[in-house]
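Visitor: The residues making up each chain are set out below.
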Amino acid sequence: MPPAVGEGSARSELRPRRGRCGHQVTRAVGPDVAAAAAARSPKRPARGSRRFEAAGRWALLALVTLLSFATRFHRLDEPPHICWDETHFGKMGSYYINRTFFFDVHPPLGKMLIGLAGYLSGYDGTFLFQKPGDKYEHHNYMGMRGFCAFLGSLLVPFAYLIVLELSKSLPAALLTAALLTFDTGCLTLSQYILLDPILMFFIMAAMLSMVKYNSCADRPFSAPWWFWLSLTGINLAGALGVKFVGLFIILQVGWNTISDLWHLLGDLSLSVVTVGKHLTARILCLIVLPLTLYTATYAVHFRVLNKSGPGDGFFSSAFQARLSGNNLHNASIPEHLAYGSVITVKNLRMAIGYLHSHRHLYPEGIGARQQQVTTYLHKDYNNLWIIKKHNTNADPLDPSFPVEFVRHGDIIRLEHKETSRNLHSHYHEAPLTRKHYQVTGYGINGTGDSNDFWRIEVVNRRFGNRIRVLRSRIRLIHLVTGCVLGSSGKVLPKWGWEQLEVTCTPYLKETLNSIWNVEDHINPKLPNISLDVLQPSFPEILLESHMVMIRGNNGLKPKDNEFTSKPWHWPINYQGLRFSGINDTDFRVYLLGNPVVWWLNLLSIALYLLLGSIIAVAVQRGARLPAEVEGLSQVLLQGGGQLLLGWMLHYFPFFLMGRILYFHHYFPAMLFSSMLTGILWDTLLRLCAWSLASSSLARGVYVVGLLSLLLGTAYSFYLFHPLAYGMVGPLAQDPRSPMAGLKWLESWDF
Amino acid sequence: MLGFLKRPVVVTADINLNVVALTAVGLLSRLWQLAYPRAVVFDEVYYGQYISFYMKRIFFLDGSGPPFGHMLLALGGYLGGFDGNFLWNRIGAEYSSNVPVWSLRLLPALTGALSVPMAYQILLELGFSHCAAMGAALLMLIENALITQSRLMLLESVLIFFNLLAVLSYLKFSNSQKQRPFSLSWWFWLMLTGVACSCAVGVKYVGVFTYLLVLAVASVHAWHLIGDRTLSHVRVLCHLLARAAALLVVPALMYLLFFYVHLILVYRSGPHDQVMSSAFQASLEGGLARITQGQPLEVAYGSQVTLKNVFGKPVPCWLHSHQSTYPMIYENGRGSSHQQQVTCYPFKDVNNWWIVKDPGRHQLVVGSPPRPVRHGDVVQLVHGMTTRFLNTHDVAAPLSPHSQEVSCYVDYNISMPSQNLWRLDIVNRESDADVWKTILSEVRLVHVNTSVALKLSGAHLPDWGFRQLEVVGEKVSRGYHESMVWNVEEHRYGKSQEQKERELELHSPAQMDVSRNLSFMARFLELQWRMLTVKSDGSEHKYSSSPLDWVTLDTSIAYWLHPRTSAQIHLLGNVVIWASASLATVVYALLFLWYLLRRRRSIRDLPEDSWLRWVLAGALCAGGWAVNYLPFFMMEKTLFLYHYLPALTFQILLLPAVLQHISDHLCRYRASGATPPTVPGPGVSQVVTWVWCGRGQRGTRGGRCGCLEAGRDGSWVSVRERGKAAYGPRSAGGVSRVAWCAVEKPESFVSQCEFWKLG
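Residue numbers (UniProt numbering), protein chains in the order written: chain A, 1 to 750; chain B, 1 to 759.
Because the hints were derived from the structure by calculation, they are not lab data.
Even for Gly, the Cβ is constructed at its ideal location relative to N, Cα and C.
Take the hints with a grain of salt, since some may be wrong.
[What the hints assert, rightly or not] Computed list of lysine to aspartate or glutamate pairs in DMTMM-like fashion (alpha-carbon distance at most 25 angstroms, straight line):
{"no.": "1", "chain 1": "A", "residue 1": "K435", "chain 2": "B", "residue 2": "E636"}
{"no.": "2", "chain 1": "B", "residue 1": "K542", "chain 2": "A", "residue 2": "E457"}
{"no.": "3", "chain 1": "B", "residue 1": "K637", "chain 2": "A", "residue 2": "E457"}
{"no.": "4", "chain 1": "A", "residue 1": "K307", "chain 2": "A", "residue 2": "E457"}
{"no.": "5", "chain 1": "A", "residue 1": "K494", "chain 2": "B", "residue 2": "D463"}
{"no.": "6", "chain 1": "A", "residue 1": "K743", "chain 2": "B", "residue 2": "D62"}
{"no.": "7", "chain 1": "B", "residue 1": "K542", "chain 2": "B", "residue 2": "D554"}
{"no.": "8", "chain 1": "B", "residue 1": "K475", "chain 2": "A", "residue 2": "D734"}
{"no.": "9", "chain 1": "B", "residue 1": "K637", "chain 2": "A", "residue 2": "D124"}
{"no.": "10", "chain 1": "A", "residue 1": "K509", "chain 2": "B", "residue 2": "D43"}
{"no.": "11", "chain 1": "B", "residue 1": "K475", "chain 2": "A", "residue 2": "D85"}
{"no.": "12", "chain 1": "A", "residue 1": "K743", "chain 2": "B", "residue 2": "D349"}
{"no.": "13", "chain 1": "A", "residue 1": "K435", "chain 2": "B", "residue 2": "D62"}
{"no.": "14", "chain 1": "A", "residue 1": "K559", "chain 2": "B", "residue 2": "E482"}
{"no.": "15", "chain 1": "A", "residue 1": "K566", "chain 2": "B", "residue 2": "D664"}
{"no.": "16", "chain 1": "A", "residue 1": "K743", "chain 2": "B", "residue 2": "E331"}
{"no.": "17", "chain 1": "A", "residue 1": "K494", "chain 2": "B", "residue 2": "E331"}
{"no.": "18", "chain 1": "B", "residue 1": "K542", "chain 2": "A", "residue 2": "D124"}
{"no.": "19", "chain 1": "A", "residue 1": "K509", "chain 2": "B", "residue 2": "D549"}
{"no.": "20", "chain 1": "A", "residue 1": "K743", "chain 2": "B", "residue 2": "D463"}
[To be verified] Listed next, with one range per pair, are the computed distances between beta-carbon atoms:
{"no.": "21", "chain 1": "A", "residue 1": "G266", "chain 2": "B", "residue 2": "Q49", "range": "55 to 61 angstroms"}
{"no.": "22", "chain 1": "A", "residue 1": "G658", "chain 2": "B", "residue 2": "S324", "range": "36 to 42 angstroms"}
{"no.": "23", "chain 1": "A", "residue 1": "G266", "chain 2": "B", "residue 2": "N175", "range": "28 to 34 angstroms"}
{"no.": "24", "chain 1": "A", "residue 1": "G309", "chain 2": "B", "residue 2": "Q274", "range": "36 to 42 angstroms"}
{"no.": "25", "chain 1": "A", "residue 1": "T292", "chain 2": "B", "residue 2": "V45", "range": "31 to 37 angstroms"}
{"no.": "26", "chain 1": "A", "residue 1": "E78", "chain 2": "B", "residue 2": "W223", "range": "37 to 43 angstroms"}
{"no.": "27", "chain 1": "B", "residue 1": "Y46", "chain 2": "A", "residue 2": "A616", "range": "43 to 49 angstroms"}
{"no.": "28", "chain 1": "A", "residue 1": "F655", "chain 2": "B", "residue 2": "E501", "range": "30 to 36 angstroms"}
{"no.": "29", "chain 1": "A", "residue 1": "G266", "chain 2": "B", "residue 2": "P631", "range": "31 to 37 angstroms"}
{"no.": "30", "chain 1": "B", "residue 1": "V615", "chain 2": "A", "residue 2": "V704", "range": "31 to 37 angstroms"}
{"no.": "31", "chain 1": "A", "residue 1": "T447", "chain 2": "B", "residue 2": "G333", "range": "30 to 36 angstroms"}
{"no.": "32", "chain 1": "A", "residue 1": "L66", "chain 2": "B", "residue 2": "P417", "range": "55 to 61 angstroms"}
{"no.": "33", "chain 1": "B", "residue 1": "W611", "chain 2": "A", "residue 2": "V273", "range": "54 to 60 angstroms"}
Please model the complete structure; the sequences and the hints are all you need to start from.
Guide: Structure, rendered in structure tokens:
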């Protein structure tokens, strides 16, 4: 690699690239630069060598791509067991193949693609993906890994092309490609069944098409212009469809578009109608198109997953009626609630679940020591309750009694079917929400006290006073204290099995937390009706699944006494993630950035800020820069500025997030930071070379600087490659270890 | 020499009677009947306790804001001669005679009153007419919510005052920039900007948003200054340095000063000590300092110590062991080592004592001279009362199965050898040869065989562990966490050779007499960090509301209710002002966008100077509203209507500016000769509203009441139900909005009330 790079960089420096929209590229850099570059270039290439040069460019791109694929696909099949989050995403791929409904906090596209890759490569969806370390054995996992590695390999050529487009400098692009190829972190993250390679692929593809379409700006409404613009939109939809982090690249493209439109608006040679056309084109390609595609992925998602599965309980009753195998699917149940009915009660707020109780008591010191009442997201026989009259304990299902319907305003008792305890509340504080009252299960075989009485009220009383299954929204008001049964949505500690807290709230604000509906209903004395009328519309399903995802994401909170990864750890490569193996006999894979690359990136950001502000102040003060420096500073401020913005947008929002964070969240930002490094060092070396008088010395400085960066990166990859490709043998403290002496930070764990 | 005789001495005083008049009415409206009611009103119960702490010089920790605001309130108490003896436990409790209610409420009221003329000044400095400026001041004057908030012992009006002061002084500064840079008044206003900003931040953290706004505007102006080619490089540099000093350095120093004064004022130990580190506690008078005074500084082999966890969550606790062993089999079927339990115990106990032992020697006493333990040394820890060794091994901990169990080793003579060597890792060491110091050193104990560190897992053990906290061994490589760090709190050199003597020694109190003081910066950093991380229980409140409710005034707060007469104080905004101010913001945003787009197409609707004025007014007023309002959407704490008041004041300033702009620039096309209808129009209706609600903020007794009912949905809500919703603990039916009401007797609540429906 290195000799080819050196030659290429030396030969092709500072020549504008001829791309599809290439005949205008000099405009972006400023006409002076191109002229200066042409003038400075010692040997002016003859016309005949142009073709040769173009071929060289293609060869270089091919080389970069080849190297990237080679590193990513090398030892892809190892280890032949589940690594880290493969247990989730592989499992979800299997769900798509088996068409079982599940719930996840991320949008569906990434997992659908994994499922598709598995399906096409002949994986049958039978592997259980139970826990990390399980052997794949005869199951075909290479299709899914290969798919992720394929997308991961494309990141390098994409970065190469982006930098080339922004800086018009081959050496800068090569440096970027080398940084990413030789980064052990990117390499590791691309080799497994994860969402990150897919997400990063879409992010980089969106960035690339945006940059390409920017350089077509002088030929608006031409075919390539439309092509790149709509490709940007498509990739945005892809990024958002894999993870919500895709929102950041949308912000970046949005910002780019707004500033673009602002320039067009200020161009008085364009008529208002033309500006309007531009605006419409962008709305079509960057808003309407992505939204349509994004919605379409959900349509496919819901169409594919039509069987009941582990995710049912997270969704509303109406939603579940869509899933075959769910007890609500094509079900027919009695419509009106009567005394003696066995029911499940579901909270109307999404992702709260069913009213639940079990034999365990509240621990000592937490309210009264009575049976726990919680809400539980999964279907369970402990969710069943019997409606009884408050004053008699006779069995209403006795055939000699007439059927008596429950009406709005009735005073009832809810008896837990399994334990025969009554739903009960009293003036004790609730376990977590101290200002609410505790709700317990109380009494023996249905005999309790007056604290077991609840008034049942229908909130939407359009259908008369009876209470209808699924459609009536009911409140349960405690008769003695006047409080309302609700769920706070807070997770109980271990003693409560991490189910959600149920309280009786004395504040009568109307919130969904205290409104319930009846879902299952068993009463042999009543006639059944069909529930097909419930089918929710697609927009309703879409909205609901987003609400559930957002709540799921917010629910991922770190615990107090645990070590958690903090955003400030990431750029300094403070600590990696263990993908596989712990002990010295295991096959160990450790996700950690190549420290040389990462620390160079960190240094580059600081240098960039320094250099950028010096140039900006100089320009603002009206200093007259030489033509060459002017051109370089344009590249630095505009091209570099876009990359810096990308880095900031993909990094800083994590500081505001309350959810639990992991090291691999930094990788999209790291891509931008590496591209910035490429541009910065290229510019810096050119500035150094320019400031030296003699042209041969100048070129020497430039070439040596660049070569040492490239070789240093490659050598550091040679040192650290076992992290990604796996190591066996003693840990790094041991001098016999392959990683001996490379544990530069104490916090690295390999 | 005697020149002054030749010419008469002339003093010309420019007195703007408008300002004088506004100040006078402002004072009148805020100070009249200030001491009424003589009872604890709403959050006075919260701030009051801190005032008492100041009066008694007792240390406290309050996560709600920096100490400057609390200190200002306490200043009122100090001037009124308050001794701090009052039990702040209930809203509505009558003040005893020793509480100087008037002077306690004086400072917030004064700042509230001065905000009125400041609003006038700000609009003038922004380049608007006297008429518009008067309008802004009048709106501030009659806004009920502002009046209510400033007449009580609360901090919002102080915050608003400093916010406005920062904006006003920045405007004065930037206006004098054009004429006389580096003059005395230029320096004065520049410095005042910095000081006012730091005071705003010092009162409440949300003041930081106004500070950032001022900084942003200042940096845009500075950027223009850099572009000004008529100035020399040196002069530009001087300008930049002056701004950096006044707007960055001065506020930082002021902020430190607040904490410096705070820590000087509260020097006695008190109820909040527990949260702080041992070193901090030892720097307070009384409390831990009394125990630890004069302890030997350096921990030596043979030292008897108690080890406190530095993280201290969920509760501060000490490393502990006792005779009981881990149960053979846990509830979930896993097995244990059945060795002696090691826990963390939140109370002082004789079982918290441990002896530091040299693995190479047998004795448990300190030799002479004592041999200090250094960073990196390997030690054994012996439990004082049971003389068992602290031990850990590859057995899953009871509640955290991914970590190792920590026990005191009992030799059952089975194939489980003791592994009781620990390496000392001083986390806050200055060099690798540091000595382990009492209180000051924060150490990790790293197990030699398995490289796990002793850690407080935060889980409570079940009954068999007496509900004490679980201590586990966690792999060091998982990363640094404060729950792995411990410090020596109590310490003495052990002297007794025999176990019986030693037990007696352990029971005796620790001796000694030297005090150890932390530097101010260390104390400041720790206090600030604890204040930011202290967890407020984000529970809901009867009157809590969401930011969306504020704009529409869909919420209110009942501040106080007289137990017998039902006279009450209610925080509720003036509907007309709120609606018109919000409308003005929308109009401003739309107009601004319109002008901006047209200017881009080179259509100049406004002359350049009035465009600049328009932009600056928007940046400060609409921007002030946005930065003081929008961040609340991201906050997770409990929010109340009064959090909106700082944003509202900026919105109020915008209203007359927009009105004047409309009459100057938009109405001139049609009625070129006629006098433009400016502020008085809406002003009249606002005054009317104020008269109606006027008595509300002062909790008037007796007489007829005016019940302001402005149900947005247009439905009448019965007052009986409203009354219950506001005050009854068990009322039925939720009501979104309650106005103020003052009647003689609760029974006649309904009959005497008049409804007045707005709009």
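Visitor: Against the range 30 to 36 angstroms, how does the distance between the Cβ atoms of T447/A and G333/B compare: consistent or not?
Guide: holds (35 angstroms)
Visitor: Do the Cβ positions of G309/A and Q274/B conform to the proposed distance bound of 36 to 42 angstroms?
Guide: violated (49 angstroms)
Visitor: Compare the distance between the alpha carbons of K435/A and E636/B with 25 angstroms, and conclude whether the hinted pair is satisfied.
Guide: Satisfied, since the Cα-Cα distance of roughly 18 angstroms is no more than 25 angstroms.
Visitor: Within 25 angstroms, alpha carbon to alpha carbon, are K566/A and D664/B?
Guide: violated (54 angstroms)
Visitor: For the pair we were handed, K542/B and D554/B, check the Cα-Cα distance against 25 angstroms.
Guide: This hinted pair holds, its Cα atoms lying about 14 angstroms apart.
Visitor: Does K743/A pair with D349/B here, judged by a C-alpha cut-off of 25 angstroms?
Guide: violated (43 angstroms)
Visitor: Given a hinted range of 43 to 49 angstroms, is it respected by the beta-carbon distance of Y46/B and A616/A?
Guide: holds (48 angstroms)
Visitor: Would you say the C-beta atoms of V615/B and V704/A sit inside 31 to 37 angstroms of each other?
Guide: With Cβ atoms ~51 angstroms apart, the hint is violated.
Visitor: Just tell me: holds or violated, for the beta carbon distance of G658/A and S324/B against 36 to 42 angstroms?
Guide: This hint holds: roughly 39 angstroms between Cβ atoms.
Visitor: Sort out whether E457/A lies within 25 angstroms of K542/B, counting only the CA atoms.
Guide: Status holds; Cα separation ~22 angstroms.
Visitor: Run the distance test for K743/A versus D463/B: straight-line Cα separation, threshold 25 angstroms.
Guide: violated (44 angstroms)
Visitor: Mind checking the alpha carbons of K475/B and D734/A for me, to see if they're no more than 25 angstroms apart?
Guide: At roughly 17 angstroms apart (the allowed maximum being 25 angstroms), D734/A and K475/B satisfy the hint.
Consistency note: the structure conflicts with the earlier hints numbered 3, 4, 6, 9, 12, 15, 16, 18, 20, 24, 25, 26, 28, 30 and 33.
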